[in-house]
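S.K.: Each chain, written out:
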Amino acid sequence: MIVQWCLKGLALRDDAEADAIISGQEGLLANWWRSVGEVTPAEIRQKLTDRNADRHVNHFSDVDPVTKAPFSAHSPFISLTAGTVERDSFTHTNHVHRALQVALWFGTDFGRRPTAYVYTCWTLVGPRRAVEVESVAEEVRDLNTYRRYSEYQTEGEILAKVIVPDNQVLKYERWDRDVATGRFMRNGSKTNPRFTPPTKLSNVRELI
Amino acid sequence: MAVQHLGPMFLGLALEQVQRRVEFLRAYADTSLAELESLSTSDRGVTGEAQWTLLAEAASATAEAAQLVAIYDIPEALSLFTAAGTRFIELGEPYGLFLRALAGVTDSVDVGFVGRMLRTSNLLAPFDEPDVVRLSPPQQTYLVLGAAGSAVLRNELSSQLSTLVERSENRRGVAPFGAVGTPLWRTWAIAAELERAGAHRGASTALVGHLVAMSIAYEERMRSAMVNTYLWSNLASPVHLADIEILGITALAATTFSSQTLAQEIGRQTEQLTGLASVPMSLGLELAAHLESGALL
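Protein chains in written order, with my numbering: chain S, 1 to 208; chain U, 1 to 297.
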């Protein structure tokens, strides 16, 4: 397993709503959970399918024939970004995508809002594709073929499943566009006091 | 007017959203540069890696903005391609030369850059020669495209360039290059046509044939990306709407053969192409026409 640090950019009403994700111990929930209020283990099994992963990545806003609502409203997946900044990839693609850039684009509602809330969390990524396994996230690069420089470009998108528990969320940061310069400024952050560092999972035993 | 390419028969996007994306990318590039400056002036010490990442971020965000701006404001796109190109050159990446060449701003500094690259990068060393440090094949390709597509560089480095396009192993390369995964052999065939600068009849015909093949691949990528309407309409799809390679090669070819010659050849060969497939080539022609009209003033 790989421990992958990720960011999630959210367009929220205000700091209170941003706080609730940490203070309320909710964690980052999939739209499906948020829309139905309660999910069961059996429902989770039914939702975590290759077909739904493909829908999330390639048909996010298409109408779901079962629910008659856009698939996005009932997706069991959560898109996270891990960025791609490797030099080797850069020489092939000429692109660096730090996770922050992607998180800010989504968090500003694609440039429509001046403020974005960016959450830092970690998740486990499996070495192989395993959509039906709830506890590991998926790397999106294997799920479609059209991406720019597809041979090399990972885009750094990670699909978490159903929930990123609140103790895996380290903090959130508030980013605002500065009126005078137009640049992004980090205007505050809040760290989660219940955060569990991923080093808990390390299999390195220290000397006594 | 380039903005027609946003219409429903083409990219099917709202101009306002394209402009929002451009503003965002420019703001993000500025943010990275400001962070780079603050790191450089602080006493905390800067690792080379941190500087590299911030400059690379600014360069790639500026290039991405440039290809979007080309859809509605060619002069501004030229300015952004130039800025991005200069940043990539600072990073030592020949992609910057390609961007500066398509923007028509190559000068003695670029001649020096290419000369250094040709001297130090062992571009003609056999693939199986051990311990040879060389540029990655894609960066070699940007180097040769930028140099062969620029009159200044073609004149200054003609013998080295012709040796390179005639002997490089990349002429037979099959690895994917650029946003639509063009095989290397095709891009090196394009470079050879540019390097000969129309010395033989049919050079522009052959070159446009390659551009048409790339444009068909471009359309396939765009149509696949369009399926996710959420990402597409919000400009969050991981694709290049104006495809810098097709746009850039078209612009370089148009300035090499003349816009009129290339436009006629494109018109002759693209009757079967859809409007969407033709978007990057059309933008490249518009960009070259703008450069030509500026040169006439």
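Don't read these hints as lab results, they were simulated from the structure.
Where hints are given, some of them may not hold.
As the list claims (entries may be wrong) - Some but not every residue of chain S turned toward chain U, in silico, with C-beta under 7 angstroms:
id	residue
1	Thr40
2	Asn58
3	Asn94
Every value quoted in this text rests on a predicted model; they were computed, and no experiment measured them.
Ideal Cβ positions, reconstructed from N, Cα and C, are used throughout, including at glycine.
S.K.: Please go over all the hints and tell whether each is borne out by the structure.
M.R.: Status of each hint after checking the structure:
no.	hint	result
1	Thr40	violated, 28 angstroms
2	Asn58	holds, 5 angstroms
3	Asn94	holds, 5 angstroms
The structure fails hint 1 only (numbered hints given earlier).
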